[in-house]
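S.K.: Each chain is listed here by its residues.
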Amino acid sequence: GAVVSQHPSWVICKSGTSVKIECRSLDFQATTMFWYRQFPKQSLMLMATSNEGSKATYEQGVEKDKFLINHASLTLSTLTVTSAHPEDSSFYICSARARSSYNEQFFGPGTRLTVL
Amino acid sequence: SQQGEEDPQALSIQEGENATMNCSYKTSINNLQWYRQNSGRGLVHLILIRSNEREKHSGRLRVTLDTSKKSSSLLITASRAADTASYFCATGPVGATNKLIFGTGTLLAVQP
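Those protein sequence lines, which keep their order, are chains A and B. For what it's worth, this note's numbering labels the leading residue of the first sequence as 1, then goes sequentially. For what it's worth, this note's numbering labels the leading residue of the second sequence as 1001, then goes sequentially.
Isolated chain A (complex conformation):
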């Protein structure tokens, strides 16, 4: 149980285009989902926290107009990187926390974004 999927697993896009990444909890309801960014050989940095039906809370330094987050249901959150630039190239990982969970997060497999 507690499986989280991400789609796509990798994406290459041209500079200036927008990219949408989906995060789904497959066998549980996720009251909260989190989006992280990871640069090569570095740790995960929390970008934003999203609760179902409400606006996402962004970490300091993360542009909310650049990284649009929608958490429309208890099993789906989306991250849209708008007007992507090469510096947005990174590994994006989502995680989900179940209603019954103490503070354990279940992570998706990640999405590798490359902006040319």
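The set of hints was computed from the structure by calculation and includes no laboratory data. Remember, it's a predicted structure, so these values are computed and weren't measured experimentally.
Part of the chain B face toward chain A, derived, beta carbon under 10 Å: (1) Val1044; (2) Ser1086; (3) Lys1099; (4) Ile1101; (5) Phe1102; (6) Gly1105.
Glycine included, every Cβ here is placed at the ideal spot set by N, Cα and C.
Start from chain A and add chain B according to the hints.
M.R.: Then chain B, alone, in the frame of chain A:
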């Protein structure tokens, strides 16, 4: 930055040996968790220890927590080649129970 630090950054051992990784953090916490990440993949939850616990075991894993020193250690006994991965500690800060603040990670290589 609230980010924790892990030590060592990289560790190479032989199969069968024990591996110990340390994590130091900066804020008061409700809990501390350890995760494993294989190269280019997502994270796998290993173990969670609450702030009122001092030691926890799960299979070949042993985690200790010293809140007075703001540090934790992860011991993997009888390591296997399949244990090769990056290991991250993550803290759940007091007052922000939803969040996890990740440490810098330890890259473990277990040589067969």
